[in-house]
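Chemist: Chain by chain, the residues run as shown.
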Amino acid sequence: MHIVVPVKLVPDLVEELVIDASGCALDPDTLRLQLNEFDGHAIEQAILLKERGGGQVTVIAPDLEGVDDVLYTAAAKGADRLIKLCDHFGQAVNNHAMARAVAEVIKPLQPDLVLTGVQSHSDLDGSIGPLLAGYLAMPYVGYIAGVTLSDGRATVRKEYPGGLVAELEVTLPAVLGIQAADQPPRYVAFSRIRQAMKSATIEEQTVAALDTSGGPAVARMYKPEVAARATMLDGKPDEVADQLVALFRELGVL
Amino acid sequence: MSQDIYVVIEHLRGQVADISYVLCAAARQLAAASGGQVVGVLLGHNVQGLAQDVAVDRLLVMDDPQLADFIPDRYQQALAGLLSAQAPRVTLFGDTSIGAELAGGLSVQLGWPLVSYCRSVRADDGRLLYISQLCGGKVMAEGEIPAPHALLAMVPGGFQAEQGKRTSPPPVETVASAAVGGRITLKQYIEPESGDVDISKEAILVSVGRGIQNADNIEMVQELAAALGGVVSASRPVVDQGWLPTTRLVGKSGKRVKPRLYLALGISGAPEHAEAITDSQTIIAVNTDASAPIFDIARYGTTLDLFDLVPALTEKVRQAKQ
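Chains as they are written, first to last, in our numbering: chain Y, 53 to 306; chain L, 9 to 330.
By construction, these hints were calculated from the structure, which means they are not laboratory data. All residues carry an ideal CB built from backbone N, CA and C; glycine is no exception. Where hints are given, some of them may not hold.
SDA-like cross-link-like pairs, simulated, lysine to any residue; straight-line CA separation at most 20 Å [said to hold, decoys possible]:
(1) Y:Lys275 with L:Lys329
(2) L:Lys209 with L:Gln289
(3) L:Lys329 with Y:Glu291
One side only, chain Y facing chain L, incomplete, derived with CB under 10 Å [what the hints assert, rightly or not]:
(4) Ile71
(5) Ala73
(6) Ser74
(7) Glu89
(8) Phe242
(9) Ala248
(10) Leu306
Use the sequences and the hints to build the structure in full.
Modeler: This is the structure:
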């Protein structure tokens with residue numbers, strides 16, 4: 053069983069987001085990138101499947117700031133092979149371009165399963181999973197929390213709003229969009245990541261010029277205008293608590 | 009090609025999803041500018057009588073036992089045949105667990121551009137524009153909806169569902185199904201766990217997000233909820249960590265709630281969460297990040313650290329009840 057997990061690095065939303073001088077993109081100099089949260093679940097799910105049934109896990113990431121840390125962390129968790137996609141990866145790369153590039157890298161690997169995070173907060177042209185499935189001519193199912201493998205098939209739990217779950221069977225090879233791994237992504241100590249830095253190798257693969265067709269152009273990017281912002285309560289914890297108790301009374305909940 | 013705007017009507021187990029009406033409202037705006045019609049597309053089996061109140065000019069019904077349940081590859085093939093034959097100007101999907109994967113797959117199969125996280129649309133001097141929310145709602149991106157064909161995956165928030173309803177049933181046309189698939193099959197549905205409280209019926213929700221940091225801190229929040237006579241609910245990261253059961257999940261993949269008081273502790277207010285709490289009577293948010301989108305929908309807020317505020321608040325609530 054060969055499981056491939058292509059991951060995305062996305063802006064850390066805890067940081068202030070700055071729009072650049074062109075007014076139609078985020079300023080790359082002020083962004084701090086991090087692993088897309090759902091991709092962390094995809095990596096975890098891949099490693100859980102390997103631990104249960106054996107196999108190999110390959111993690112693929114574009115060459116952006118912080119990529120080595122992301123890849124070595126995956127190795128420390130149990131990934132076997134690390135591939136870094138080099139050249140052409142600026143901020144403007146959309147998911148269509150990324151999916152085309154990743155598909156070309158994945159094809160010769162002949163994976164049984166490709167796991168992606170179900171979405172990221174920067175997917176202006178759709179999440180990467182269904183696009184990748186299209187370019188690889190594999191079936192895709194997304195919003196998955198729960199995967200088991202047997203006899204060349206994956207049994208997956210697809211989540212619908214309100215808590216309803218559909219159990220679907222997918223013939224492999226397939227691409228799955230992971231909403232949540234069977235268990236939360238594991239923590240690895242920094243010492244183990246440092247160990248991985250020494251023992252694991254990051255393979256660099258150069259990709260051809262990126263084709264961004266299939267995504268929209270952005271004419272303007274801006275912070276949302278807010279109709280009515282919350283009335284902010286200031287003071288020490290005790291004082292704010294008093295104000296809240298008064299509010300609760302007003303609302304009739306106390 | 010036509011100037012029509014197509015809407016893929018989303019439904020699950022005999023119920024039209026709210027997002028379908030939002031899509032119709034957006035489609036009406038686009039059609040007014042493009043000069044085309046709004047055409048609904050309903051895929052399923054034994055779906056006569058469903059979606060009689062969607063604000064479309066025509067409803068195309070593709071009825072096929074193979075389409076009885078949402079099976080991604082079958083639905084995609086069925087839509088690919090229809091859309092490539094009709095070549096509408098824009099086709100709208102919900103950016104949901106059904107629509108998002110159809111739109112992505114079709115974008116590749118048909119070679120039509122896709123715009124996701126689309127919250128609103130408008131026309132400007134004959135051009136059709138999308139407005140999408142990115143980065144958890146912290147940034148908006150605006151641009152032209154690509155021509156001659158494009159797919160839009162829409163999130164709620166920009167249009168009211170009511171704007172996408174009509175009182176008289178639309179004219180219905182039956183279209184032949186081209187559903188093929190075979191690599192994905194439905195085994196069974198698993199019903200939501202019961203036996204726990206139904207958060208969609210609770211009057212007071214004390215809801216926790218990532219800011220709660222670890223499982224041990226849930227107890228503190230439970231004490232506050234108990235003091236208030238409410239229950240604890242959560243956003244996605246808390247449930248994914250297994251700190252609270254899925255029955256307590258508020259959001260796109262969980263429940264929509266409508267309490268009298270929604271107290272959001274350490275919740276950023278990402279769109280997936282925000283869309284499910286807009287029917288709350290009063291939202292009060294506690295988050296140390298003053299720029300968190302939760303403060304855009306909350307009536308009151310504070311940037312105090314929840315770990316400082318919650319014990320003090322629990323104490324004051326207890327005193328007030330004595």
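Chemist: Next, verify each hint and record whether it holds.
Modeler: Each hint, compared with the structure:
1. Note on Y:Lys275 and L:Lys329: the hinted pairing is violated, with a Cα-Cα distance of about 42 Å set against a maximum of 20 Å.
2. The suggested pairing of L:Lys209 with L:Gln289 holds, with an alpha-carbon distance near 13 Å, which does not exceed 20 Å.
3. For the proposed pair L:Lys329 and Y:Glu291, the alpha carbon gap of about 18 Å is at most 20 Å, so the pair holds.
4. Below 10 Å, beta-carbon pairs count as interface contacts, and Y:Ile71 has one with chain L at about 7 Å; its hint therefore holds.
5. A distance limit of 10 Å between C-beta atoms decides the matter here; for Y:Ala73 the minimum to chain L is near 16 Å, and the interface restraint is violated.
6. For Y:Ser74, the shortest C-beta to C-beta distance to chain L is roughly 12 Å, which exceeds 10 Å, and the interface hint is violated.
7. Because the beta carbon of Y:Glu89 sits about 8 Å from the nearest beta carbon in chain L, less than 10 Å, this interface hint is met.
8. The interface hint given for Y:Phe242 is broken, as the beta carbon of that residue sits about 19 Å from the closest beta carbon of chain L, more than 10 Å.
9. Evaluation of the Y:Ala248 hint against chain L yields a violated restraint, the C-beta minimum of about 24 Å exceeding 10 Å.
10. This hint holds: Y:Leu306 has a C-beta 6 Å from the nearest C-beta of chain L, less than the 10 Å allowed.
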